[in-house]
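6 protein chains.
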Amino acid sequence: MQDFCVALKDYSDSKSAVFVNGNFCKDPKLVKAEDFFFEGLNIAGNTDNKVGSNVTTVNVDTLPGLNTLGISLARIDFAPYGENPPHTHPRGTEILVVVEGTLFVGFVTSNPENRLFTKTLNKGDVFVFPVGLIHFQLNVGKTNAISISGLSSQNAGLITIANAVFGSNPPINPNVLTKAFQLDKNVVEELQKEFGGDNY
Amino acid sequence: MQDFCVALKDYSDSKSAVFVNGNFCKDPKLVKAEDFFFEGLNIAGNTDNKVGSNVTTVNVDTLPGLNTLGISLARIDFAPYGENPPHTHPRGTEILVVVEGTLFVGFVTSNPENRLFTKTLNKGDVFVFPVGLIHFQLNVGKTNAISISGLSSQNAGLITIANAVFGSNPPINPNVLTKAFQLDKNVVEELQKEFGGDNY
Amino acid sequence: MQDFCVALKDYSDSKSAVFVNGNFCKDPKLVKAEDFFFEGLNIAGNTDNKVGSNVTTVNVDTLPGLNTLGISLARIDFAPYGENPPHTHPRGTEILVVVEGTLFVGFVTSNPENRLFTKTLNKGDVFVFPVGLIHFQLNVGKTNAISISGLSSQNAGLITIANAVFGSNPPINPNVLTKAFQLDKNVVEELQKEFGGDNY
Amino acid sequence: MQDFCVALKDYSDSKSAVFVNGNFCKDPKLVKAEDFFFEGLNIAGNTDNKVGSNVTTVNVDTLPGLNTLGISLARIDFAPYGENPPHTHPRGTEILVVVEGTLFVGFVTSNPENRLFTKTLNKGDVFVFPVGLIHFQLNVGKTNAISISGLSSQNAGLITIANAVFGSNPPINPNVLTKAFQLDKNVVEELQKEFGGDNY
Amino acid sequence: MQDFCVALKDYSDSKSAVFVNGNFCKDPKLVKAEDFFFEGLNIAGNTDNKVGSNVTTVNVDTLPGLNTLGISLARIDFAPYGENPPHTHPRGTEILVVVEGTLFVGFVTSNPENRLFTKTLNKGDVFVFPVGLIHFQLNVGKTNAISISGLSSQNAGLITIANAVFGSNPPINPNVLTKAFQLDKNVVEELQKEFGGDNY
Amino acid sequence: MQDFCVALKDYSDSKSAVFVNGNFCKDPKLVKAEDFFFEGLNIAGNTDNKVGSNVTTVNVDTLPGLNTLGISLARIDFAPYGENPPHTHPRGTEILVVVEGTLFVGFVTSNPENRLFTKTLNKGDVFVFPVGLIHFQLNVGKTNAISISGLSSQNAGLITIANAVFGSNPPINPNVLTKAFQLDKNVVEELQKEFGGDNY
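Protein chains in written order, with numbering that gives the first Met the number 0: chain A, 0 to 199; chain B, 0 to 199; chain C, 0 to 199; chain D, 0 to 199; chain E, 0 to 199; chain F, 0 to 199.
Just chain A, same shape as in the assembly (with noise of 0.2 Å):
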């Protein structure tokens, strides 16, 4: 343990490249303020997309100062009732400040409970997100939203819900899907086309 452990990406061995836990630590001699820095959160990200919101991360692996120091940054747009469709983070809690705009959010708590808490959030108005639990946000308001919010882990991870299921590489087996969602295994195959694009 030391004062930090800036993550070096460019390591390569002749033959392979090699991990650790990810990363490894640059040699703290030659270490920059610039390992601590990242710019651009200013900048919207493009909401042109089915869901209409865009996620910019700034985490270990686009700010390589945060290796081992357990937090990140998110910054996320959205067009009018753009929404960040229900997903979860495996490994951090999230706490979001709207910016700008109006958000209707929501959390659901584990089984066998599965209780939604959701919430309409103002400019200023801060929410949290409890780790692992699917969460979404919603701009139910006429203009551009944005929120920023803090992730408790350096890679926090990203899994949407939708994607996940019936957009992976390869596909999952219809009849999984079928029986878990109740639905007719023709539903399942076009949601799988919809969200599993190439990989179909």
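Please note: incorrect hints may appear among the correct ones.
It does not matter which identical chain is meant; a pair holds if it fits inside one copy or across any two.
[Stated by the list, open to error] Here are the simulated SDA-like cross-link-like pairs (lysine to any residue), alpha carbons at most 20 Å apart as the crow flies:
{"hint": "1", "residue 1": "K184", "residue 2": "N121"}
{"hint": "2", "residue 1": "K118", "residue 2": "E38"}
{"hint": "3", "residue 1": "K122", "residue 2": "V30"}
{"hint": "4", "residue 1": "K141", "residue 2": "P79"}
{"hint": "5", "residue 1": "K122", "residue 2": "D34"}
{"hint": "6", "residue 1": "K31", "residue 2": "Q1"}
{"hint": "7", "residue 1": "K122", "residue 2": "D47"}
{"hint": "8", "residue 1": "K184", "residue 2": "G51"}
{"hint": "9", "residue 1": "K192", "residue 2": "N45"}
{"hint": "10", "residue 1": "K118", "residue 2": "F36"}
{"hint": "11", "residue 1": "K122", "residue 2": "V98"}
{"hint": "12", "residue 1": "K31", "residue 2": "V50"}
{"hint": "13", "residue 1": "K122", "residue 2": "V54"}
{"hint": "14", "residue 1": "K192", "residue 2": "Q181"}
{"hint": "15", "residue 1": "K28", "residue 2": "R114"}
{"hint": "16", "residue 1": "K49", "residue 2": "N174"}
{"hint": "17", "residue 1": "K192", "residue 2": "T177"}
{"hint": "18", "residue 1": "K49", "residue 2": "P111"}
{"hint": "19", "residue 1": "K192", "residue 2": "G44"}
Please keep in mind that the hints were generated in silico from the structure rather than gathered at the bench. Quantities reported herein were computed from a predicted structural model and do not represent experimental measurements.
Since the structure of chain A is provided, determine the placement of chains B, C, D, E and F on it from the hints.
Only chains B, C, D, E and F this time, still in chain A's reference frame:
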């Protein structure tokens, strides 16, 4: 920190129940061997339900001596072609061994990869499902199947995707799900009736 | 371990207040969405003070749903040329994004190196301050500046160096500070008056 | 931190093997389902030895996908009246379920109490052995017995008391053991021959 | 999480004692410097016993301010040829410095290796005993010896092998020990009388 | 996770040094007792300096077997009226015992309280300094004093306040310090010369 901290469930203040990270410790002098004991994991769970499977969990709620010790067990019973549908454990990795029958199992990695890893498991085969990732088990045999799992938490939590998304209480705003799953609003509302039961 | 453990602040025994790692958990059945909610981070803090800055903290003390979840947020307002003076967070790394204005920021590594890493940050720039290291932010622009930070603890703590050293209650023995800072005893005692205020 | 860090065992530098907290991570792109798989836990271990038991461990050494995930499994086979002699796991709590037969099990708390907790377990019964405490399992039936255990570490370690104390390599100075166990030096030296085997 | 959580030992409910991970936190406003203080580590422990050594422990039980802070101290006194017999700390690594005299020390690694590492230590020499491993210290000089140890837990626990195995309360079934140690039942029962004292 | 992971310092790639959380593990087969050993803590440090004290640290940098084990030791020597000036350990709590002499010690809590806790310690007295808080020790006797401390990290770090603030390399912009400490710019620049030495 002590050798153990047996959960004390029946503590009650005259005015209101009080919870401390879920549990108090029982006075060590009153702790008995029974506090570390659970019986009945040899009994098959009832698989007469939509998905044809049943999970029996031995965690801190049923075995108070597990409190603070970071581990639990589960037995899963599968009817022929039954499945344990896609789900996550927000606070635990799972390692499963097949005790009887043949299971087709898999998990999906986090975005943007959404890679699916699958394997067909026979009696004595072991498989790992990393913490927080969506995974499933399907009985692909004509007979019952049984598995035993270890989980890396005294209460790993369980989020069954379809139930959390379509069966929460109260239901998630259908607009959120319509856009997220690219489904007709009709289909979403039918699913919510299907999964929500009394909540709807 | 459960999905969450909302801090219960108003628990009181008839005889004496009792604290458990700072907090009890609220009965999960009584938890509401409001327990995960905080409002007002859009409101500028009052920077009319000696250093020209103001920190608004959203941690477990103001947002009880953060309890046990390992993260918090802060908004910092800076008057023109205002600064958030050298300080440490004993229990958290900080990741800061500039929302408005231009900040000159830096941190110092531990002994014997005492290396200073600095950077000038504009709107949208992000910087990391590793846990426990002394750091500062200075508004180098003619206009107000605003930043938002994530911290890797539900209560990261704050130690403002000058206040802790010269303004503690009761004051530190001046001989300790005279030798430590190689200052005249007069200067030390003036500083103690300056920072100690009522304590002195 | 990533979804997983599959242990890379065969990494070798031309000059010398290098270990990083025991393991490197395999390049995530090369990871396969087989990395999370182990087969053969249905096969009975050979109990034809002095104590009449055999432990088959599924940990990071035999299942590389377990690396960093904090859990492992073990199968224990017992001949009639066989025992898994007093031992500790320095880095893990154990939760055991009896799959076949009848076991008498127990653990001892730390000093000065040295309290013994015991229980007779039948098929389907579960028992917990808290991390680091000395415990044992004895087959009290006339037939073979089998158990499956989860352990709260990817490599919990195993210290069999008699082997560590009397069979270390090289042997512990007999004077240390004579005084510690209040045994004749003759008895100690016989035990060291018995347990030390080739080492002696 | 706060700066500290001083253990509150004398909390008592009118009906029954309640323990929370062993301890409550004292109201921070009532905390005093004395809560972080212990006196008497200069006083030699009484080594007039079978093994000729005495351990004085400064942990959360004797110094309540250590609660949650993950460290403790111990002083060990050795009569000439006295020993601190083979033991483990289930929840802590030990780093020991010899203050007076000459000690022969060692630890044994986990199975199947059971390697013994030993060293003779003189005044000012330091040695490390990794968490959970069996270790011992023997005074090999003609004069008293003294050591000071740091342990990586506020309550590392102590399991003296001979006492836990042969002196537990109630005693372990002699059949378990006869097979485990390959000793005559007579010898086992004598040892149990020797170590069990009143318990037997 | 293994019994230990001895730090391997001399690993070097032909092109560039590579660090992994600071250290690689030495091949367990090559580990020797000497890897867990350090000598010389009986030797007084040289206190002939401005503050009249000297810290000798036994951490993972000087005792490689401590790697991953979460503990270290330090000896502090004090000339008459010497002091260990206000400092913090960013990654460790300290528990100190006075071996010789009389020390006046204290720590300051975090903002906004900034409460000072102090105590005069004689031979055999023990005191705790919680992680990350500013603390100091002053020899208030006419003779030398000696203390031994345990720290809850294999590398707790050391930030001497005056050196980090006024002696960093390069120096902190004097405007930052002028405002923070409410000092004349002249005084700040003199202090920077005093503490910065060659860096200035």
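Verification of the hints:
1. In the homo-oligomer, the alpha carbons of K184 and N121 never lie at most 20 Å apart, since the shortest distance is 41 Å inside one protomer and 27 Å across protomers.
2. For a Cα distance limit of 20 Å, the shortest separation of K118 from E38 across copies, 12 Å, qualifies, whereas the shortest one inside one copy, 31 Å, does not.
3. Proximity of K122 to V30 under the C-alpha cut-off of 20 Å is found in neither arrangement, the shortest distances being 38 Å within a copy and 24 Å between copies.
4. For a Cα distance limit of 20 Å, the shortest separation of K141 from P79 inside one copy, 5 Å, qualifies, whereas the shortest one across copies, 35 Å, does not.
5. Proximity of K122 to D34 under the C-alpha cut-off of 20 Å is restricted to the inter-copy arrangement: shortest distance 18 Å between copies versus 32 Å within a copy.
6. Proximity of K31 and Q1 under a CA criterion of 20 Å is satisfied intra-copy only: 15 Å inside one chain copy versus 25 Å between copies.
7. Proximity of K122 to D47 under the C-alpha cut-off of 20 Å is found in neither arrangement, the shortest distances being 23 Å within a copy and 24 Å between copies.
8. Proximity of K184 to G51 under the C-alpha cut-off of 20 Å is restricted to the inter-copy arrangement: shortest distance 18 Å between copies versus 28 Å within a copy.
9. Neither within a single protomer nor between protomers do K192 and N45 lie at most 20 Å apart by alpha-carbon distance, with minima of 24 Å and 35 Å respectively.
10. When the C-alpha separation of K118 and F36 is checked against a cutoff of 20 Å, the pair qualifies only between copies, where the shortest distance is 8 Å, while the shortest distance within a copy is 33 Å.
11. In the homo-oligomer, the alpha carbons of K122 and V98 lie at most 20 Å apart both inside one protomer (5 Å) and across protomers (14 Å), since each shortest distance falls under that limit.
12. Taking CA atoms no more than 20 Å apart as the test, K31 paired with V50 passes in neither setting, with 39 Å inside one copy and 28 Å between copies.
13. In this assembly of identical chains, the alpha carbons of K122 and V54 lie at most 20 Å apart whether taken from the same copy (18 Å) or from different copies (18 Å).
14. Taking the shortest Cα distances, K192 and Q181 sit within 20 Å of each other both inside one copy (18 Å) and across copies (11 Å).
15. For the identical chains of this complex, K28 and R114 are inter-copy neighbours only, at 10 Å across copies versus 51 Å inside a copy, given an alpha-carbon limit of 20 Å.
16. Taking the shortest alpha-carbon separations for K49 and N174, only the inter-copy value of 13 Å comes in at or below 20 Å, while the best intra-copy value is 26 Å.
17. In this homomeric assembly, K192 and T177 come within 20 Å of each other (Cα to Cα) both inside a single copy, at 15 Å, and across copies, at 16 Å.
18. For the homomeric pair K49 and P111, the shortest alpha-carbon distance between copies (16 Å) is at most 20 Å, but the shortest distance inside one copy (31 Å) is not.
19. When the C-alpha separation of K192 and G44 is checked against a cutoff of 20 Å, the pair qualifies neither within a copy, at 26 Å, nor between copies, at 36 Å.
Hints 1, 3, 7, 9, 12, 19 from the earlier list are contradicted by this structure; the remaining hints agree with it.
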